[in-house]
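K.L.:
Residue numbers (this note's numbering): 1052 to 1280.
Simulated from the structure, these hints should not be mistaken for laboratory data. It is possible that part of the hints are untrue.
[Unchecked claim] Derived DMTMM-like pairs (lysine to aspartate or glutamate); straight-line CA-CA distance at most 20 Å:
(1) K1211 <-> D1140
(2) K1142 <-> D1072
(3) K1142 <-> E1110
(4) K1142 <-> E1093
(5) K1129 <-> D1140
(6) K1129 <-> E1093
(7) K1129 <-> D1079
Since this is a predicted model, take the numbers as computed values, not measurements.
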Amino acid sequence: MKKHLLLFAMILLPLIASAHDIEVQNADGVTIYYNYINNGTELAVTFRGDRWYDSYSNEYQGNVAIPEEVTYMNRTRKVTSIGDYAFYDCKGLTSITIPNSVTSIGFRAFEGCSGLTSITIPNSVTSIGGAAFYQCSGLTSITIPNSVTSIGNKAFSDCKGLTSITIPNSVTSIGAAVFESCSGLTSVTIGNSVTSIGDWAFLGCSGLTSITIPNSVTSIGNSAFYGCI
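Sequences and hints are given; from them, build the entire structure.
P.N.:
Okay, structure coming up:
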């Protein structure tokens, strides 16, 4: 029996291990947590807590400036990614500076960061993960650069404070529910490269008064504009 319990505990150990590989203070003295990626040659910003879904530590508060590179144990690595759940539910986060070294923003990376009012995504970013800014209700302004080619489903869903959005020419499709329930959204500009607008893309955008759909669009999904009264 004891042997079985010990084996069970050993199996569980990796699941409850710390989520981050290293932690380093930035120039402002704020501790940022990182994981090694790309065979340890680069870094992704992550959270401090354990790996269980309901145990992210939500430790990031106030203004956080992510450095372009980090030196740890006499080795310098570039920060190239904001990992999945990195700032998940950090309601006290009020501003974030993303360096030009970052190329991707992960799944649910800023979900529930209701204290964020604006964010500038640098021209280095090519992909924004699913639900990356879901329920960032305080977000009133966001700039999506021309470098972005992929925006995941529900990326900006329920961002009720957003008033306008421009989809750059680099994006070819607007996924499912990307702007669902963005009730404060009044105008949308869609780039000339977009060929499809996904299901529920603008569902519940009740404040939407103006949108121009370019000639490049060949398909509009189910209920894409449902509830845009």
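K.L.:
Against this structure, judge whether each hint is valid.
P.N.:
For each hint, the structure was consulted:
For the proposed pair K1211 and D1140, the alpha carbon gap of about 16 Å is at most 20 Å, so the pair holds. The hinted pair formed by K1142 and D1072 fails the criterion: a straight-line CA distance of about 24 Å is larger than 20 Å. This hinted pair checks out: K1142 and E1110 have alpha carbons roughly 9 Å apart, not beyond 20 Å. At roughly 28 Å between alpha-carbon atoms, K1142 and E1093 are farther apart than 20 Å, so this suggested pair is violated.
Distance check on the hinted pair: K1129 and D1140 sit about 25 Å apart at the alpha-carbon level, beyond 20 Å; violated. For the hint linking K1129 to E1093, the alpha-carbon distance of about 5 Å falls within 20 Å, and the restraint holds. A hinted pair counts as satisfied when its Cα atoms are at most 20 Å apart, and K1129 with D1079 qualifies at roughly 18 Å.
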